[in-house]
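Use these hints to put chain B with the ligands onto chain A, whose structure you have.
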Amino acid sequence: MTLKDVSVSEILRPEDGGSSPGLAEAAQIRYLSPDDTEFTLTEGHMLNVKAGGKEHVGVYVHCSFPHTNKRIYLSIRTVENEEIGMIRSLDEFPEETQRMLEEQVELRYFAPEISKVLSVKEEFGYSYWDAETTSGYCRFTVRGGGGSVKLMTASRLLIVDVDGNRFIIPHLDRLSDKEYKMVEVCM
Amino acid sequence: MDTLPKAIMNALAQHGVASESVLCWLLCDRALENGFRDTYVLLTREELLILSHDQAPAREKTYSGYAANTPLKGLSPEKEAHWELEALKIRDIESLSIVNLVASGMVVIKAPEERAVAAFTNGGMRSAARLAKIFEKLKKSEELGPEELRDDQERATCPKCGMIYPEEGRQVCPKCMKKHAVFGRLLSFAGKYKVSMFWIVLFMLLNSAAGLVIPYFQGTLLFDQALGGKGTFAGQIGLVIALIIVFRTLSLLFGVIFGVINAKMAANIAFDLKSSVFHAMQRLSLSFFEKKQTGQLMTRINNDATELQYFFVDGISYFVVNAMNIIGIVTVLLIMDWKLTLLCLLPLPFVFLLVRKVFPKLWRLSIRRHKRVSAMNAIISDTIRGTRVVKAFGMEQMENARFQRASGAFSDAEQSFNKMGVTLFPVLNILTQIGGILIWAFGGWKVMQGDFTFGKVMTFMNYMLLLYGPIQFMNNIMNWWSYCMSAAQRIFEIHDAVPDVVEKPNAMQLTEMQGEIRISNVTFGYEPNKAILKGVSLHARPGQMIGVVGHSGAGKSTLVNLIPRLYDVNEGEIRIDGIPIKDVSMASLRTHIGIVSQDVYVMSGSIAENIAYADPDCTLADLIHAAKVAGAHDFIEKLPDGYDTIVGTGGHNLSGGEKQRLSIARAILHNPKILILDEATASLDTKTELQIQEALDTLIKGRTTIAIAHRLSTLRNADYLVVLEQGKIVEEGTHEQLLVKEGAYYDLVKKHDEALKMNEVITA
Ligand SMILES: Nc1ncnc2c1ncn2[C@@H]1O[C@H](COP(=O)(O)OP(=O)(O)O)[C@@H](O)[C@H]1O
Ligand SMILES: [Mg+2]
Chain A
1 MTLKDVSVSE ILRPEDGGSS PGLAEAAQIR YLSPDDTEFT LTEGHMLNVK
51 AGGKEHVGVY VHCSFPHTNK RIYLSIRTVE NEEIGMIRSL DEFPEETQRM
101 LEEQVELRYF APEISKVLSV KEEFGYSYWD AETTSGYCRF TVRGGGGSVK
151 LMTASRLLIV DVDGNRFIIP HLDRLSDKEY KMVEVCM
Chain B
1 MDTLPKAIMN ALAQHGVASE SVLCWLLCDR ALENGFRDTY VLLTREELLI
51 LSHDQAPARE KTYSGYAANT PLKGLSPEKE AHWELEALKI RDIESLSIVN
101 LVASGMVVIK APEERAVAAF TNGGMRSAAR LAKIFEKLKK SEELGPEELR
151 DDQERATCPK CGMIYPEEGR QVCPKCMKKH AVFGRLLSFA GKYKVSMFWI
201 VLFMLLNSAA GLVIPYFQGT LLFDQALGGK GTFAGQIGLV IALIIVFRTL
251 SLLFGVIFGV INAKMAANIA FDLKSSVFHA MQRLSLSFFE KKQTGQLMTR
301 INNDATELQY FFVDGISYFV VNAMNIIGIV TVLLIMDWKL TLLCLLPLPF
351 VFLLVRKVFP KLWRLSIRRH KRVSAMNAII SDTIRGTRVV KAFGMEQMEN
401 ARFQRASGAF SDAEQSFNKM GVTLFPVLNI LTQIGGILIW AFGGWKVMQG
451 DFTFGKVMTF MNYMLLLYGP IQFMNNIMNW WSYCMSAAQR IFEIHDAVPD
501 VVEKPNAMQL TEMQGEIRIS NVTFGYEPNK AILKGVSLHA RPGQMIGVVG
551 HSGAGKSTLV NLIPRLYDVN EGEIRIDGIP IKDVSMASLR THIGIVSQDV
601 YVMSGSIAEN IAYADPDCTL ADLIHAAKVA GAHDFIEKLP DGYDTIVGTG
651 GHNLSGGEKQ RLSIARAILH NPKILILDEA TASLDTKTEL QIQEALDTLI
701 KGRTTIAIAH RLSTLRNADY LVVLEQGKIV EEGTHEQLLV KEGAYYDLVK
751 KHDEALKMNE VITA
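Taken in order, these protein sequences are the chains called A and B. Note that the working numbering has the first sequence beginning at 1, numbered continuously upward. Note that the working numbering has the second sequence beginning at 1, numbered continuously upward.
None of these hints come from the bench; they were simulated from the model. Among the clues, some could well be false.
Claimed, not checked - Capping the alpha-carbon separation at 30 Å, the derived lysine-lysine pairs in DSSO-like fashion look like this:
(1) B/371 to A/150
(2) B/110 to A/54
(3) B/357 to A/150
(4) B/357 to A/178
(5) A/121 to B/371
(6) A/150 to B/728
(7) A/181 to B/419
(8) A/116 to B/357
(9) A/178 to B/371
(10) A/150 to A/178
(11) B/530 to B/140
(12) A/150 to B/419
(13) B/391 to A/150
(14) B/728 to A/121
(15) A/116 to B/728
(16) B/728 to A/54
Just chain A, same shape as in the assembly (with noise of 0.2 Å):
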């Protein structure tokens, strides 16, 4: 099943800054140090960053790797989706802003992960899921014929449901062989 190449994140070190500085200077990639950045979360939920003096209010966090690697690489974003600045990796910060930036990676990148999955049952060109998920039980419809289903790496599986919610396998390698069977057919 190993039909990807070795995984991005194997490449990327988060701790270089690349290994040409000539390119770094001319893709003018502003970095947060958390020196003179400041994240607070507001009492109505919404991240706000104080970068460089200046204060950014309901900011948003978009991961580069989003499934090799939530914590490299995160850009900070405006709802307009202009960006202040990027962020190497989380282990720079202290762990209270670690905790606080994992949580808005998670409002964004809302996928319950599927850690059992219970029946697949394919009819009509739609395939219908039950499956046991970090977030409970979940009863989701897949369209098939492809497209739906995708490896994202070697073992992780993405599955995007008819209305473009997102459900995860992490391990594909760490499913049951019935369940494995189940699920290989819709891929």
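Quick look at chain B with the ligands alone, frame taken from chain A:
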């Protein structure tokens, strides 16, 4: 509008809110933390109401589309939730917006601090967009139109089982769509082949009837009578052999006749099916083809049509004949000796069982093998078509490794498939042969006893062998049947799809057009809650040239695509010569509009055919003149095959600029009253562009032109310009007026000039 759940009605009543005053509501099914927790956001004329509870998140959820006829597991908290109501006056709320997350949305209000109210999964997006729109209207104290209050955007549900249709705009309930209904429809499709079908079945029956008597001749007649010297045919070996030969020949002859009729019908049916699907497709709107899953639908059409062809050609007739065969043979056997018959049918249940159990597994393995082959082929085609890239970056080694992996995966799948196959089939064989062994054993014993003749045993044996084929067929027919019905359903789906952009029943024919365009207050988005154009108004008098400028992604192309009604506006109206374009027949509207778009497409065919695409009857002189004006003439003349050069898939490769010139020539020849140039000269070099520009300048005379240009200099002749920014018109006026204003246009020009200067430096 869907009715509110009882619990919510009660909660509203408890808080003294009349449920009739609710204009619209949204169920937010996600907690802002992880998990599912319901929050209701409701809107009345004065207030925004938020109903929430503080129970633990629900531990189960059924997403839309799932036929919820089985109850949930009851994992959610048992006790009735206590709903807290929060009421906010609309006048205290500055704004309410829906923020798009990944596969979810979030309601954010500003009152006056920004605040996230609740989040919802993607299924709620439509309701959410509607809520935001109604809020905005209320905020501006605008009257709500009937379309806002009517809520036809909710997903429709199947009237039979109550299941939400899994796909919008497609009123097909896959559960209730009975297979026999599809089958009936398929049969009606085959109606015109009734006669052929009748002949086919007749000859097949004759064919097998002639075949069926042969075992009797070979066994009883030959051994018992002719050789055994008893009965009518005693000693007449020659006659019996002759009879066998005659019947064999007859059987063969009938077989040939049915084969010939069948082959003819097969070709006709395939033709009919494919052309009917193609017709059905042509009638659909652009958006149908843009939806992702339809891309797959398209690639499957060919396969599906082939599948159905087999269904008609082989399926129906073989089914009838095999059924008759089984009935016939079993009857004959039972008459001959019912005990022996039952005995040798003994292994059959085991065969069935084995096939039922093991075939699905084999099927799965074969699917896996198929998928891995596809993956491997994808790599091969990737590297072959992308050879340039692979070589340029020196990545041959990596491609080798990639291929090795895919090839290894395929080989694994192939091996497990074969292993299964080579064990399954011998076992099946043995099982079926046990029947034969039983005949020999039991029959032999009977012969010894003198109850049976040897010929009878032979006859029995031969009939038995004839029986297994039809039984195998019947055994597989269920799988095959559902497979065919799915194929049929996909084809009917295209037949039944309703175009988004529909013509009015008695649409006007627009014979003459002046070319006045009035776009008033148009709002449009490809998806809910993602308006691309917001309240755009524009007026072009006949013969005017309007320039549209703006950054890429501003919605320029979208705006011009609305004029020929490739999409329908969500709000507002477009009129041409004062007539709403919704009232005009699409064909007559589009004959008067020519588009040179940014993504050019050349059809397979000759260059001449491509230029004359919209007017195949034009004179050759016109064709060449149009090519000359478009600046295509010179490069075409240079080609060895001139205007006859075949382009498109598999033909001569044209460069981007050459394709663009072809499409300009196409529009020029079409001679429309309204000309739309969507970055028509974007992929040309400056010199060629200048040449074409001059030609276009003369061409534009007498036509209403809407031009979108990358290089602002090409718009210098425009009567006026509009600047589009994020779907809104932010400035309009003539070039001079806008320059004086020093606003958005001024900035664009300045940036553009800088870019030009840079270009000069580089090219100098
Ligand atoms: N067929 C489509 N379906 C969905 N979104 C589209 C489609 N076509 C364009 N868009 C989106 O609409 C926006 C405006 O696109 P477009 O009108 O092509 O911009 P412009 O021509 O000004 O560069 C873009 O964000 C683009 O992604
Ligand atoms: Mg465009």
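For each hint, the structure was consulted:
{"no.": "1", "hint": "B/371 to A/150", "verdict": "holds (13 Å)"}
{"no.": "2", "hint": "B/110 to A/54", "verdict": "holds (21 Å)"}
{"no.": "3", "hint": "B/357 to A/150", "verdict": "holds (29 Å)"}
{"no.": "4", "hint": "B/357 to A/178", "verdict": "holds (15 Å)"}
{"no.": "5", "hint": "A/121 to B/371", "verdict": "holds (20 Å)"}
{"no.": "6", "hint": "A/150 to B/728", "verdict": "violated (37 Å)"}
{"no.": "7", "hint": "A/181 to B/419", "verdict": "holds (18 Å)"}
{"no.": "8", "hint": "A/116 to B/357", "verdict": "holds (24 Å)"}
{"no.": "9", "hint": "A/178 to B/371", "verdict": "holds (19 Å)"}
{"no.": "10", "hint": "A/150 to A/178", "verdict": "holds (19 Å)"}
{"no.": "11", "hint": "B/530 to B/140", "verdict": "holds (20 Å)"}
{"no.": "12", "hint": "A/150 to B/419", "verdict": "holds (28 Å)"}
{"no.": "13", "hint": "B/391 to A/150", "verdict": "holds (29 Å)"}
{"no.": "14", "hint": "B/728 to A/121", "verdict": "violated (47 Å)"}
{"no.": "15", "hint": "A/116 to B/728", "verdict": "violated (48 Å)"}
{"no.": "16", "hint": "B/728 to A/54", "verdict": "holds (29 Å)"}
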